[in-house]
Each structure stands twice: as structure tokens, then as C-alpha cells.
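Asks: Take a look at the letters that make up each chain.
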Amino acid sequence: MTAQTHKNALQGPLGWGLLVIAGVVLLVSLGYAISQIMAHGHTSFNTSSVLPWGQPIATYVFFALASSGLGLLAALPLVFGFKQYYPVAKRCIFLAFALLISGMSVLALELGHVFRMLWVIPMNLQVQSAMFWMGLFYALDLIFLLWKFSKLQGGHWDSKTAKQVGIASFIGVLLASGNLALIFGMMSMRPFWFDALMPVYFYITAITSAIAVLLFLTYLAYGFKRERMPSALQALLTGALPKLFATSIGLTLLFILVRAITGLYSNNPEISIVWTDYLFDSGVYIAALLIGLLLPFVVLLSKLRNGIGIQVLAALLVTFAIFAERFYFVVGGQVVPLFKGTWVPNLISYSPSATEWSLTVFGFSLCLVLYLLGEKFLHLGDMPSHIANKSAQPGTAEAAA
Amino acid sequence: MKLFQTLINRRRFLQSSAAVGASAGAVATGITGLKGFSPVSEARAQAPRGETTITKNVCAQCPARCGIDVYTTDGRVHAIYGTSDNPISNGKLCPKGHLGSYFLYDPDRFKGPMKRTNPNKGRDEDPGFVPISWEEALDTVAERLNDLRRRGESHRFSMFYGRGWGSSDAGIQYPFGELYGTPNAAIGHSSMCADGSKKAKQATDGNSSYSSYDYRNANYLLIIGASFLEAFRPYNNVMQMWGHMRTKSPKTRVTTVDVRMSPTMAASDRALYIKPGTDGAFALAIAHVILTEGLWDREFVGDFTNPNRQFVGGRRIPANSFNEKWVHGLADWWNEELLERTPEWAEEITGINAEDIRRTAIEFGSTRPAVALFERGATGHSNGTYNGMAIHSLNALVGSLFAEGGIGYQVAPSYGALPVEVSDYMDDYAKNGAWKDQPRIDMKGTDRWPMVGNMMQECAINHLNADPYTLDTAMFYYTNPIWSAPNPQVWEEALKNVFIIDTSPFPGETAMYADIVLPDCTYLERTQDVPTYPFEGWPMAELRTPAVEPIHDTKMYGDVIIELGKRIDGPMGDYYRELGSVENYIRHLAAGFADDPGDNGVDGFESWKEKGVWYKKPYKWRQIRGEFYEWDGQRYSRQMSAEEVQEHLLKTPSGKFEVRSGFLEEHAAYIEEELGIPRERAGLVQWVAPVYTGGDGDLHFITPKTPLHAEGRGANIPQQMMVHQPIVGGRNTVYLEVHPETAKARGINNGDRVRISSDIGSIEAECRFVASHRPDTLVLPFEYGHWAQGRWAKGRGPGNSSEITANISDPISGLASYYTGKVKLERA
Amino acid sequence: MAKWGMVIDLDKCTGCQACTTACSMENNTLPGETWQDVLYYNAGEYPSGQMKWLPRPCMQCENPSCVHVCPTRATYKDPDAGGIVFVDWNKCIGCKYCMIACPYGVRFYADEKPLIEPDIRDVFPSDNAQLWSPPYQNPEEDWRRGIGIQPKGVVSKCTFCYHKVKHAPEGIADLDEDNPDVKEYVPACVRTCAPKARYFGDLDNPESQVNQLIGDKHGVRLKDHTGNKPQVYYLGAGAGVPAFTPADKENNA
Ligand SMILES: Nc1nc2c(c(=O)[nH]1)N[C@H]1C(S)=C(S)[C@@H](COP(=O)(O)OP(=O)(O)OC[C@H]3O[C@@H](n4cnc5c(=O)[nH]c(N)nc54)[C@H](O)[C@@H]3O)O[C@H]1N2
Ligand SMILES: Nc1nc2c(c(=O)[nH]1)N[C@H]1C(S)=C(S)[C@@H](COP(=O)(O)OP(=O)(O)OC[C@H]3O[C@@H](n4cnc5c(=O)[nH]c(N)nc54)[C@H](O)[C@@H]3O)O[C@H]1N2
Ligand code: SF4
Ligand code: SF4
Ligand code: SF4
Ligand code: SF4
Ligand code: SF4
Ligand SMILES: [Mo]
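Chains as they are written, first to last, in our numbering: chain A, 693 to 1093; chain B, -19 to 808; chain C, 43 to 295.
Don't read these hints as lab results, they were simulated from the structure.
Incorrect hints may have been included.
[As the list claims (entries may be wrong)] For lysine-lysine, the following DSSO-like pairs were computed, each having C-alpha atoms within a straight-line distance of at most 30 angstroms:
hint: 1; chain 1: C; residue 1: Lys225; chain 2: B; residue 2: Lys591
hint: 2; chain 1: C; residue 1: Lys291; chain 2: B; residue 2: Lys255
hint: 3; chain 1: B; residue 1: Lys91; chain 2: B; residue 2: Lys589
[To be verified] Not close to chain C: a few residues of chain B, all C-beta gaps over 12 angstroms, as computed:
hint: 4; residue: Pro43
hint: 5; residue: Thr97
hint: 6; residue: Pro99
hint: 7; residue: Pro230
hint: 8; residue: Arg296
hint: 9; residue: Glu529
hint: 10; residue: Asp549
hint: 11; residue: Asn564
hint: 12; residue: Gly656
hint: 13; residue: Gly727
All C-beta atoms in this analysis are idealised placements derived from N, C-alpha and C, irrespective of residue type, glycine included.
One chain only, chain A, in its complex shape:
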């Protein structure tokens, strides 16, 4: 049976306050985006025929992968039996759902004809297209997430169907994010992306961003006070999770490093120039690497790892860094013109328009609103009673460590 939930800061006035703020931001950003798109169509984007995918796509990739990362995290306890992760399992599932909805909403506003998509894709079954499979598996993913969440909501943590749904969901997540990776990784005409290991890279970074988002929002849920948390959660936050976080940041850095080295070494200007003249030429990208990934990694390796402030800061920095990484990844694959020539003498320049920014803001605020509603009404801190009961009553972080 479900254990008693503990005092959740977001179920009180803080939650209402944040909900109002997030709701207003959501409405304003969505209103602005929609009014611009209605009035000017996609001319309100700064994308172009030479650089068709911009920040909205990067935003979608960020959300979709963070969602997948959360799905993978949730699988740790629900599929693989890593019991110490039970305290975040339900939150992970819900958040995965919220993030996926946000990502899909942003993508919907990026597409030329979103409603048409609903019938043409199923009617035409283009199985050659990675995008088709990505769409299919994310749709399945969404269904599994909802299904699994309803199981957890009903307290069925370990029933047979719950397990089966969990396994199906886990596979769905792998396929969905893997296919998202292939959308890029199979494009041999875009050498910056062309990489057989792209799915692995996407899994790793997905987990990194998932932990970052999860950490921050979990702390938010408890008003950044660890003593209000159930002890199992405290144990996780001072034990396995920061270590996993450090590991995934480390792997992310390693992956980027390897891609950078092969890219820089390559004579192929369509790869090397992206690194030298676009990525490493950008202060934001370098900051994302050094401050957003390397710094948290180093700090998390040290004993400071369990400090609340450190964890929250690391979570925020990594969220920013992975978002930046998504942006530079998506745009970086397109900045080298397909043909050198006088029409496009330099790298193709792109910076998002106000409308595109509003879509990003919309995505984040939608995700926050959904999350706040979830915390408020759906008891996201639930965990199986045997886990909840095993640990002592709320104590200090130090005590639990």
C-alpha cells in the first residue's frame, strides 16, 4: 500500500504562487507565438530554406530526450529492481509525460501542418523514414507513460501488468529516443551528425538532462529543504543519484570530447569547421561545456556532492548546458552550406527570433505547469510502502548520509 506522503511544499501556497506565475508565462508565450504564427506564418521564425531546423526543433529534442531520460531512470527501480530509486519513480514517470507533452506541443507549432500529420502519417506508413518511427515510438511512449502512471497512481507498484507495462515502456523509450537519434545520425549528407553511435550519445545525454531536471524539481517540491523529504528520498539524494549524475555528466563530456576530437581531426570541413568556427567560436557553447558540464562534474566528484545548494546549482547548470548542447547540435549540423559559393560565403548564420524564443519559453512553462499540477494533485512523491516504511522518519540530510 502506498505510504503516507510527506509535506510537499508545492501543495501549499508556494505551489499556487508558482502555478499562477507559470500559468501566466505559459499563456503569454503561447499567445504571442500563436498570434505571430497566425499573422505571419513561419516567416516569424528566423529559420530559412538553407537552415530549416532551428531552436524550436532543438527545444523539442531537449524535451523529448529529457523525457526519455526520465523514462530510463524510472526503469531503474521499476524494471531493473534498483530499489533505491523508488522514491523518484512516480515523479519520473509523470515528469517524462509532462516533458514529452511539452516537447510535442512545441514541435506541433513548428510544423507546417500539424493536424494534417495526424492522418497522413498513419495513412501513408512510410516505414523508410526514421521520423516515422520516432513519431510512432514517442506516441507509444506517451501511451505507456500514461498507462504506467495510472498503475502507480492506483498503487500497483509491482503487479504483473505494471511490470509488463514498465518493460514495454522501457523498450519504447529506447526505440523512441534511438530513432530520434537516427533522424540525425543517419544523415550522411550532414557529416556533423552522421554517426552510428548517435543513439548512445542521445541515451547518455538524455539521462544527464533527466537527472538535472528531476533533481531541481524534486528539491522545488520540498521547498529546497531536505529535511522535509522522506528518508528514502534523502538517502537517494545523498547516495546513488548524485553519483549517477556525476557519472552521466562525465560520460556526456567524454562523448562530446570524442566527437570533438574526431571532428577536429577530420579534414572534412563539413565537420571540422563546425567545431572550429561554430561551436568553439561561441562563448555560449564553451560556457555550456566548461561551466555547465565540466564544473558540475568536478564538483560532484568531490565530497561537496551532497550539498543541497551544490546539487540544485549543478542541476540548473546542466539543464542549461544540455539545452545549449541541443541547440548547437541541431544548428551545427546545418551551418556549413551544402555548397561553398559566393551566395553563402560564410557559415549560415542563425539566431532564434522572438517567436522561436517564445516557443521555448512556452515549452518550459507548460512543463512547469503540468508538473506543478502533478505535485498538487497526484502525489508524485509516492513510493511503495515497503520502501517508505523501511526508512526512518524525516531526519536531517547529514543523518541520512
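Use these hints to put chains B and C with the ligands onto chain A, whose structure you have.
Replies: Same frame as chain A, now just chains B and C with the ligands:
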């Protein structure tokens, strides 16, 4: 012509529509009911369409005069292609031709006649145009003209023209002047265009004209200061010939001499970069080598009386030792000029390696037929006529004048006579009025400009100085000097107190000064005769037929003049009433074809309209191995006498090609005074150093045309602007092209805003690096910098290059020295 | 059915861009939506600099990566239309994946910022579902093949002028504009090319002039390593596309 019906009916209609239906079914992936999901309005297939008609017309975006097929469906013009059986276009077009529909539907067009309400004129003054009726507009102008005439000041009315087409538009200005009484009735823009080449030819072979060419049979082209693959007339046909020359056997070899990298330079076998204004030196050195290597065409030029004699550099030949055939003054030329003009000498002046000059000369001199051609690049300088003469003399040396694969002149079409004679309608004032004693406002034909064809660029300053007098009223047809003349700042000032009538369909700068606008129809809406520019020599005349009725309240310029003429007091009005209309005028021209039907059967107005062109091949004369023959209907068999040659072909005082020019010798005193050439040398084809203008600038400034530059209208065509300057990627603007070393020495980076200044002003531009240009030469393609012209043109791009171009002209031809300017460059 | 192919002879091409403007007027593309663009390359330095150019329509690939990636089958290769690759504007959802996947950069999403202002779409506003309505619109229209003026939110590209080519007599080897019987069926860019640097014909017919030229003059396909197998062949020097270097770096060298 019911094109689509005819074509489709012919054999394919059932077949093809069935095939389309079948494949459409296949494409719908076999799933039925798809339509239901998609909003009906979006699922569109072919809408029912009206009949497509094709009318014949002539593209008006440059002087090439390509015959075009204009496709109209449901009253809308939607496509323009070259006319297949038109000898110039042969079904092809240059990039501008297709964009003609934009001219017709340009949203900025004047919609009808207007008058000005704001008396102040200037760049920033809104003219405050208000629409008026044609009646009122024509009456206002006529009243003004009648009044001037009554006051005996009719000479203070001038009519300017730029891109005239034929006798029914610009041609109509001449009789107007004679009947009305003004010497200024037809001041053309030729002195701002390309009079230099015409004058060089007049001085050497007696034809004041551009040449016709037989590219089809040429085996060598030496292109000097002509933009062969971007502008040279007739551009579209020149490109067709290029395709032919470069794939025929033997392949035509091409050497190009220019001051910058260009498509022509890039596509040639040899590209030689020359210092601006020094082409004469290059050509003289080529001539020197041709003579010293013994490569001249003996049958045309003549030979030493003693065949063992040779031209040896630095050594004179005895005066009578050379037997001249069709070249006059060769021994003098050698002795007084050429003997020192070695490639090494030319290298010093032109910057071209002596070795390259020698190689080029040997190739040129030993490949027949070979043609040397040139245009504004070589002649747009203070020494332009002499440069041109030197180049043209190469054609004489290799015997390509009037030869197969060589160069000739255009023959006029067999037009019929007009129903009226000017002399029958001249009143006493027209015959003997005070205006008869007045010089032209541009001083053409006076001591100041004794040899020129026109001197339009002088009119503004002359008016300002009231020397010889001030203008009262000026009408502009297809020319926009307030923007395109050198130093147009003077025009902006000068025209403020002149009553201006503009006739352009478009809001150009000159129109912004107009007191009355009498908008012309665009070329797709008018009937107009268009005799060819020099092309292949045989006579040819095209006809414009409106594709649609005028879409606005506009009138063809010719009809405007006729209507105005009718309103002038005295017998002049009767002349125009008799003439009736432009169409009547043209019907009379076409009547001439009845006696001389064209090769395509055109023998009158209706067949002319249907075919769009009348022409008669072949060229009437040909020089074969030093003898001239006339076509007898079968072959060139009738040998011509020297007198006949002089009358028709080599129209010089000597009846020969003159390397010692009789025409120039007649003006020796003037030449001595203006150019400092001793009068006894004035006639010689010789090296004259250029005088660079603009002050103490250290860089040459070149402003060439680009393939998409549609004379005065390209700057407002968005489709054109997006692909305008491909060489450095100018999309929707143009850049100043500068060599990176030159830029870096001035602290300028690629893409910086820069200032270009001469002693008359400065303009700004954005720069782009072009490492294949000469480091001492800046290149700014001619197009933008408009302060009127329409919503796209206005304020776009760099400043107007004319504003830093001094109003200095070649004293002989009068051609404005557009390419002689020197400027300074700095970061803006 | 024929397999339509195009041959572009770079030794004859003058870089004039008539193909570009003919295409843009025939197909009413927006300014800058150059289905047929000419690319220019500068290299070297005075006095031995060089300049090259390369006209680039859609290659109508035999193995079109744009088709493989399209999740909706909106873009498809039609064997019944000579292997032309079309975009069905009734199906396209504007995901732009095909633009990512085309190695030749010849697909356009016209619903983008105007490339030149004022926006001509505002000057000639649409009175129906299409993006704009110029008075000179070509009356030909077939949205299932991307012919006409596109609606918002879809991708457009060269159609090999199928609205013309479809009328070609069955079994014809070449569509040569100099043949008066077929000139109306010749793609606009081919028909107008003044130096006759472009040819259009049936690649499946060994007798066709396009195949003759490819054989005699060693036709090559652009970026052949992509495996897309273009149905457009280039002849002559200059079909090698220089590798990309940012212009600034080039000139600093
Ligand atoms: N596309 C297009 N074509 C046109 C026109 C148009 O508006 N657009 N207008 C037509 C008209 S009115 C005319 S008069 C003709 C003019 O036709 P051209 O005279 O052929 O054209 P321009 O561009 O004036 O200049 C010719 C070339 O001269 C070069 N040049 C400049 N200075 C020198 C020099 O000192 N020496 C040498 N060797 N070269 C030099 C320039 O770089 C340029 O390449 O074009 C006609 N054709
Ligand atoms: N820097 C630089 N300057 C140059 C040149 C250059 O290469 N470089 N070229 C020179 C040369 S060669 C020339 S010929 C001159 C040309 O200079 P201009 O004689 O001034 O001729 P355009 O600039 O062609 O202007 C033509 C005018 O005619 C109007 N117009 C267009 N269509 C029509 C029509 O159908 N009917 C009427 N009535 N009007 C119409 C246009 O609006 C425009 O105002 O420029 C010269 N100036
Ligand atoms: S060359 Fe071009 S602009 Fe000139 S008349 Fe021919 S088609 Fe028109
Ligand atoms: S029209 Fe012909 S010559 Fe001109 S750029 Fe195109 S392919 Fe080359
Ligand atoms: S060139 Fe590009 S758009 Fe054309 S068929 Fe090939 S992949 Fe598709
Ligand atoms: S944009 Fe349209 S044509 Fe392109 S891949 Fe997406 S659905 Fe297919
Ligand atoms: S074939 Fe037709 S659509 Fe394709 S580039 Fe040529 S003109 Fe344009
Ligand atoms: Mo001119």
C-alpha cells in the same frame, strides 16, 4: 494563336490526359477517402483556364532587341520566351527577358497622367502628384509650348531621349523639332552610352556606328573592354554564339582584356588584366608584333613593293616602299608611331607581360578569321577614341573588315515613306524663326564639341550657367540623367527651375522632378517599330504588338507626341492630324515591305505583326581576299569598284581604312588644343595617355553592368535583385568588390562599410573581397543607389556611383569618361 | 515510360542565370526561392584568379534521400512521370526533414522570412489558400505534384517542369527546344539557355542525345558519393565542387 489547344490537339490530348489521370490515381497510394481529412480548399488540381494567346514583341530591357513570345491567358501575361524564328533570340532569352511581366505588373507604376502640386523640387520633396485627365495634361503642355513659340523662345524647349527604339518613338522627336522650331528636339544619351566606339570607327573606316559581327565563322576573338558575357550587344545572341563558337570545329579561341575578373575573363582561354585606360597601348603593341612578325593580311592591307622587306622594330621604312591596298597611311603609321610600340614598351604602360602580348599577337595574327572587339571599357576614357581606333586597326591588319567571320555594319530596313512630308507643314517660324540661330543646349557641333553626336551630360551645367541659354521646358523619354549622368548633383540643382515632363511608366528620379507626368505604356502594352541594332548586318526590323490593353491609363509615347503636335498652332497641327496615330505611322513603314518581302514572307503590317520581324539575309557585301563583292541573289559574285566600296563600306575620305584619319585631320587644331597632340599627328592611330579624373585618389573605380542590370529599371525587380551580383554573392544589394590586400592596407575587413570618395563627392558601400581583381581597381556593379524608382529600389544598396564620377568627356567622341575615375577608399 | 534526365555542359554555360529567372517566372517562385540556382566560386588571386559556376536544379535522384526520410510520403518519386520527384502539397506537413536530407540544397520552405523587403507576398496578397497571388501567375496548377503556387507550410522544389514535360509524345528520345513540335514541352530552364548548355531527354533511351553527350563527354553526377544517383549530369571542367572554407579565412590566407 490558340497555342495550347493547337499543341495539345495535335496529337497528345487524349493520350496525355489519360496518362495523367492514371498516374494521379497511382499516387494517391490506393487509399480512398483521403480527401475527407484534408480541408477541401487546399486540395487543388488544375483549375479551368482560358485560352492562351501568344503575341510577338521585342524585349525592352537592353538594346539587344530580342524577339519575344508573350503568353497571355485570361488577360494576364504569365510567361515570356524567346521567339523561335526570330534571328536574334532564336527561342532563347537572357536572364532579364523572362522578368518582363514584372515591368507590366510593377506595383509602383504610374497609373495615369499627373501634375505636380508641390512647387519645390529636390530629393526629399514629395512632388505631391495629383491625377489629371489626358486632355488636361496634353492641353497644359501644348499651351506652354505654344506660348514659348509665340515668344520666340521655342529653342528653350528640349526633348531628351535615351533608349529609343525606332522611328515611331524617339525618331518622332526630330520632325517635331523642325516643325516646332527647336534645335533641342532630340538630344540622345549616346554620349553617356557608347559613342566612343562609333567615333573610333567613323575615324578609321568612316562608319559612325557599332559593328555587326559574323561570330558564327570567327576563329579568334580578342575582346578588349567589352563585357561580352554580361552586356555586349546583342547579349542574348552573343551568348548563343558563344555556345556555338566554343563547341564548333575549330573551336574559337578567346583572349579577353579587362580590368577585373568577370564571367568573360573567367570563360576565356586567356585573361589579361590591364591598367584602366591603357588599351590603346596594348593594341598598338599587338599591331607592332603583327607587322614585325609579318602576320598582316597582305591581300587586304597591301605589301612591300619589295617582298624581301620587313618591318623591323625601331626602324623606319621608306615612304613609298609599301603598296597600300585597303589601308591608308600604313607607312606613316609605322614610321611615326608603331615602330617604337613594342610589347616591352606596352608592358610598362598596361601592366600586361610583354610575353603575353606577343603570344596574343601571334595567335591573333595567325588565326583567320579573327575579330578584335571593344566597347565602353576601352573607350570610356579621355583617350577613348584613340584607344578604339588602335583596337579597330587590328581588324584591318588581319583583313576581317567585311570578311566572312569578320566585322561589318548594319543595313537599314526597307521602310515605306510616311504619308506626310515635314517640309510641307513648316510655317515661316519653323523655316526662318529666331531659333535657327541658336546652338543646341549641349553645344554639339559648335567649337566646343565639334565632333560629337550628342552631349547630354553637358545640358545641366549649360543651363545653370545660362550658356548658351537656359531651358524653359524639358521632356524626357526613356532617360534618367538626374541619376545616371556623371555628376548628377548638378542635374539635381539645374532641373529645379525647369518645367519637366517625364514620360516614364515608372517613378524614376527624373520623374520626381516632373511638373507633368505623361506615362508611357510598358513594352508589353504597345505597338512600336524596332529596327535592329547592329547585329549581323543584313536588314531586320521587329515590331512590338501589345499583349494586353494598357492596364493603366497610359499612352504610348509616340501617340503622346502626335497628340501634342495636333495641339500646336499653325500647320504643324495638320501634320500630326494627317499622321493620325502611331499605328498609322507604322502601317506606312510596313508598306515598304510589299516591294521587298522578308525571308519569312513578311510583306506588310499584318504579317509583320504575326511574325514580329521582317528580315532579309544575307549581308549585301563581302570582302574576299582583298576584293569586295556584292551579293547577286546567288553568291557574292559582282566585284565592286573602289567608288562603290567608298560609298557603301569604307566611307572615309580616302575610301580605305585609315590608320591616318582624314576625319580627325579635319579637326586637327581642335585636337591639338584639347589633347595636346601636334596637329600634324592628329590623324594617326596612336597612343595617348589617359587623364584620370576625380582628384588625387589612388584607386581606379569601375562600375560595369551585370547580366541582370535591366538598364534603368533593374533596381526595382525583386526577382532580379535576389540574384543580382553572383560574383560576390550580392543578394538584394551589391557590394564593392575589392582586392583583400587593398582593403587590409586600409584596415578594412571583408563586409565592412566603406567610403569611396573622389573630388566631387563620396558614397558608401559594403565591401566584399575579390582576390582575383586588380589590387589597384575597385569594382562596383552599376545598379543601385536610387532615391526614387519604386519601393524596392529606393534607398537600397550602396550610393550612386555617378555621384563620384566627374563630368569629363573624351573631347573627340564626347563619351563621358565613366571608367577613368580615381578614388580613395576608407572605412566608413 | 521515359526516365527524364538533364545534362548541363559547363564548358558552354556562361553563368548568365537565365535558367534561374526562367524557372522563377514559369513556376512563380518567390524572389530567392531559386529552384534553379547558379552557384559561383572564386578562387586564386590576381593575376591568375579563377571563377567558376554551376547551375543547380533538383537532381531528381534515382535514389532520392528526400523521399526516404519523408514521414508522410508527401515527397515521392513518380516512375510514371519519368522518375521526377514531386512534393504533394496536400500531404506535406512541413516537417522539413527532406530539406535536411537532400544533399543538394534544392528544396525550399517558402513560408520563411522574406528574403527581400518589402515582402512581395504582401504586395500581391493571396486571395485563396496559396502563399501569394502575383498577377502573372502561371495558370498551370497541380498541388499533388507541387505545381502552382504553394500554400503555407509545405516544401517546394523543381518539378522538372512536369506541367510541360507531361505533354511530351510517348517514346520521344529528347525534348529539344529547337524542335518546334516539342518546344512547349521543354523545361523552362533548358528551353531558354542561350549557349545551349542544357539538354533534356530520356536516360533510358541509349539513342538519346543526353546519353550521347554523357557518353562522349564523360558526364559526371554531382556529389556522387552520396549515392543519390542524380538524373542530372554535368559535362566539362568545373563540376567539381570546391570544399567549403569561410570566405574570410580564405582571404586571410
Ligand atoms: N545586362 C545588360 N546589358 C546591356 C545593358 C544593360 O543595361 N544591361 N545596356 C546596354 C548598353 S546601353 C550598352 S552601351 C552596352 C555596353 O556594353 P559594354 O561596354 O560591354 O559594358 P560595360 O559594362 O559598360 O563595360 C565593359 C567592360 O569594360 C571593363 N573596363 C572598364 N574599364 C576598362 C579599361 O580601361 N580597359 C578595359 N580593357 N576594360 C575596362 C569593365 O570591367 C567591363 O567589363 O551594354 C548593353 N547591354
Ligand atoms: N556607372 C555607370 N554609369 C553608367 C553606365 C555604366 O555602365 N556604369 N552605363 C551608361 C550607359 S551605357 C547608358 S546607355 C546610360 C543609360 O542612362 P539613361 O539614359 O539615364 O537610361 P536609363 O538609366 O536606362 O533610364 C531609363 C529611364 O527610362 C525609364 N523607362 C523604363 N521603361 C520605360 C518605358 O517603357 N517608357 C518610357 N518612356 N520610359 C521608360 C526608366 O524609368 C528610367 O527612368 O547610363 C550610363 N551610366
Ligand atoms: S539580351 Fe536580354 S534584356 Fe536584352 S533584349 Fe535580349 S532578353 Fe531582353
Ligand atoms: S541559362 Fe544556360 S548558360 Fe545561363 S547559367 Fe543557366 S545553364 Fe548556364
Ligand atoms: S536533389 Fe534533393 S530534392 Fe532532388 S531528388 Fe535528390 S534528394 Fe530529392
Ligand atoms: S516537409 Fe513535407 S515533403 Fe518534406 S519530409 Fe516533411 S512531409 Fe515530407
Ligand atoms: S526543370 Fe523546370 S522546375 Fe526544374 S529548374 Fe528547370 S525550369 Fe525550374
Ligand atoms: Mo549604353
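Asks: Each hint needs a verdict: does it hold in this structure or not?
Replies: Here is how each hint holds up against the structure:
| no. | hint | verdict |
| --- | --- | --- |
| 1 | C/Lys225 to B/Lys591 | 17 angstroms, holds |
| 2 | C/Lys291 to B/Lys255 | 28 angstroms, holds |
| 3 | B/Lys91 to B/Lys589 | 27 angstroms, holds |
| 4 | Pro43 | 16 angstroms, holds |
| 5 | Thr97 | 26 angstroms, holds |
| 6 | Pro99 | 30 angstroms, holds |
| 7 | Pro230 | 15 angstroms, holds |
| 8 | Arg296 | 35 angstroms, holds |
| 9 | Glu529 | 14 angstroms, holds |
| 10 | Asp549 | 43 angstroms, holds |
| 11 | Asn564 | 31 angstroms, holds |
| 12 | Gly656 | 32 angstroms, holds |
| 13 | Gly727 | 14 angstroms, holds |
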